[in-house]
Amino acid sequence: MPVYETGYKTRDWVAKGIFYRLMAFSRYTYLQLKGNRRIHTLFVMSWLTFIVALALIYACVNTKLIERFGIPVRILPSLNARFFMVYLIAQIPFVFFFTLAVGPPLIANDIHHKALPMILSKPISRWEYLLGKFLVLFLLLSSITWFPGTILFITGTLTLPGSSNWIMYFWSESIYVLPALIIFSLVVIMTMNLVALLFSSLTENYRLAGVELVMFIIGASFVSKIAAAVFRSRRWNVLSPISNIISIAESLFKVRNTTSIPPALAWFCLILLWAGCILVLSTRVKAFHIYKE
Amino acid sequence: MFLELKNLTVRFGSHVILDRLDCCMSGGALGLLGPNGAGKSTLLRTLLGFIKPVSGTASISGLDIIRDSRAIRSIIGYMPEHESYIHELSAVRLLRFMGELCGLSTRDAMERAHEVLFYVGLGEERYRNVETFSLGMQQKVKLAQALVHGPKLLILDEPTNALDPDGRREMISLIRDIIKNRGSHVILCSHILKDVEECCEDVLVLNNGRCIMAGNIDKLRHVDERVCHLRIKGNVDRFMSELSERGCVCSMGEKESIRVVLPSKERTELLFELAQKNDVQLRHFYFKRDSLEDLFLNALEESEKSGSS
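Chains as they are written, first to last, in our numbering: chain A, 1 to 293; chain B, 294 to 602.
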């Protein structure tokens, strides 16, 4: 029956589960991004590093082919934990640009257009709203961090030079890389996502939220570098979320610490940052704000 | 009872916004009236679970507003007062999104979005971005998003705000249709008494957070037997001059009716006697009944008096 022949009427229906409802936020945000060329370009570029990493893995296990082209094999990287860590660290700029493009409007636009009372009058709580918004960036950033990283790891381990006991070798030497890869990706996603949501909730203007996000991430790194130079101590790197993230990466992938931040301190700083973001978000995201005398 | 407020108190800091409200609504349409700052919007927000009461309880369809907040919001459709939409979404997508948030499947939400947009008269405009809509159309979109999941109770906060007379008439006829034919109960919060009078059977008047009048509008209306409206056929001037000679105050009312205020010593039989004497036919005769405006103003006046005393 054509829709114009049906009239509005109340009817009973079975409600879908909460996860389905929360995914609506992601679905509609992606629908809006569908026509955005900058996002498409960024997405393609972020997967170029994956292609390069895949090509390097192929080259590493086909050294004869490389030699045939006259390329010295020694310039190829080793397929170890550092390889995967470097791949993920190379993804951080893309994570940042994605966050910058998608994150700031997430809550700011709803506040600007007074959509919060309308949305929160539906059967979802404030926390579910925040989780729905969190999932928007989480899924997007997952697609350029741990998801391709895991594919790379599996490809890398499956194509390791064959030996009768290669599986034993893999289990004993490399198994920690997979959880490290996933945990590190989650740390990056969590940090960027929460900071983006925080600034998005602090203003009605998403452009201003974007500027605040850049100021925070770039500015904090800049300030930490200046402080480290002035006080001649690399411990000041702790002020930069990116340095903390790298310190955690180095500890997870068991490579030499280059940031001079103890991993425990880096975890503490990031958890403090996440808690602060969640605290502010819980006070900012409300259907109505009550101004007490 | 569909809606029940028991000693409901809401306080922001030391400021009491709703003060021990008691009210029952069996269903149908309830008009929520009151001057600015009376607590109308706070009451609606409390019913929606946005604000927690400090004491007392309220229930909608047997569900407690604090304990069953989510269940309540799944049977409520809320039309907010201010402009409210989602950036860069067309009307149909906005409604589909709202339907999905309520738990409708994508297919059902899409079907309902189309249905409801046709119902509110935006069928031809449904693919347009809501931001490009006029204020009147945005009001209709807000009504449509409140209806998309087929709520049992519709809470409308100032639905005719900033609408031109045509827009207002359309909105009122939609609300009347929802109440009469679509099986939803309605709480209509408005400053415009005529809107409430046209749509609602019951009224709740708030002032300074207190309930100053509640009940069925028809039952609350007071009939004044000393003021009557007549419509006659015959010599109007002669009839009016005779009435004036007998101490009545006469004036021409709406639609060629005569408004007569009888002196305290006379009774209504006088009108029939004079009509017979002057060979005038009485075609209509009715006593003046209080309008909702009279009720509202009287209630406010009494509340102010009791407050000052």
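Because the hints were derived from the structure by calculation, they are not lab data. Treat each hint with caution, since some may be false.
Said to hold, decoys possible - Covered, in the sense of this in silico footprint (three residues per stretch, anywhere, with C-beta under 8 angstroms from a C-beta of chain A), are these stretches of chain B:
1. 339-345
2. 363-369
3. 382-395
Stated by the list, open to error - Below are the PhoX-like pairs computed for lysine-lysine, each with C-alpha atoms no more than 25 angstroms apart in a straight line:
4. B:570 with B:512
5. B:526 with B:598
6. B:526 with B:570
7. B:570 with B:299
8. B:345 with A:114
9. A:286 with B:345
10. B:487 with B:512
11. B:558 with A:16
12. B:581 with B:512
All values reported here derive from a predicted model rather than from experimental measurement. C-beta: ideal position from N, C-alpha, C; glycine also.
Structure-based check of all given hints:
Look at the region 339-345 of chain B against chain A: 3 of its residues bring a Cβ nearer than 8 angstroms to a Cβ of that chain, three or more, so the hint holds. Interface restraint, the region 363-369 of chain B with chain A: holds (5 residues with C-beta to C-beta distance below 8 angstroms; minimum three). As drawn, the region 382-395 of chain B meets chain A at 7 residues by the rule of a beta-carbon pair under 8 angstroms; at three or more, the given contact holds. Between the alpha carbons of residue 570 of chain B and residue 512 of chain B the distance comes to roughly 36 angstroms, so the proposed pair goes past 25 angstroms and is violated.
The hinted pair formed by residue 526 of chain B and residue 598 of chain B fails the criterion: a straight-line CA distance of about 45 angstroms is larger than 25 angstroms. The hinted pair formed by residue 526 of chain B and residue 570 of chain B meets the criterion: a straight-line CA distance of about 14 angstroms does not exceed 25 angstroms. Simply put, residue 570 of chain B and residue 299 of chain B have alpha-carbon atoms about 58 angstroms apart, too far for the 25 angstroms limit, and the pair is violated. Note on residue 345 of chain B and residue 114 of chain A: the hinted pairing holds, with a Cα-Cα distance of about 21 angstroms set against a maximum of 25 angstroms.
With a C-alpha separation of about 13 angstroms, the suggested pair residue 286 of chain A and residue 345 of chain B falls inside the 25 angstroms cut-off, and the hint holds. For the hint pairing residue 487 of chain B with residue 512 of chain B, the CA-to-CA distance comes to about 17 angstroms; that is within 25 angstroms, so the pair holds. For a cut-off of 25 angstroms, the pair hint linking residue 558 of chain B to residue 16 of chain A is broken: about 71 angstroms separates their Cα positions. For the hint linking residue 581 of chain B to residue 512 of chain B, the alpha-carbon distance of about 14 angstroms falls within 25 angstroms, and the restraint holds.
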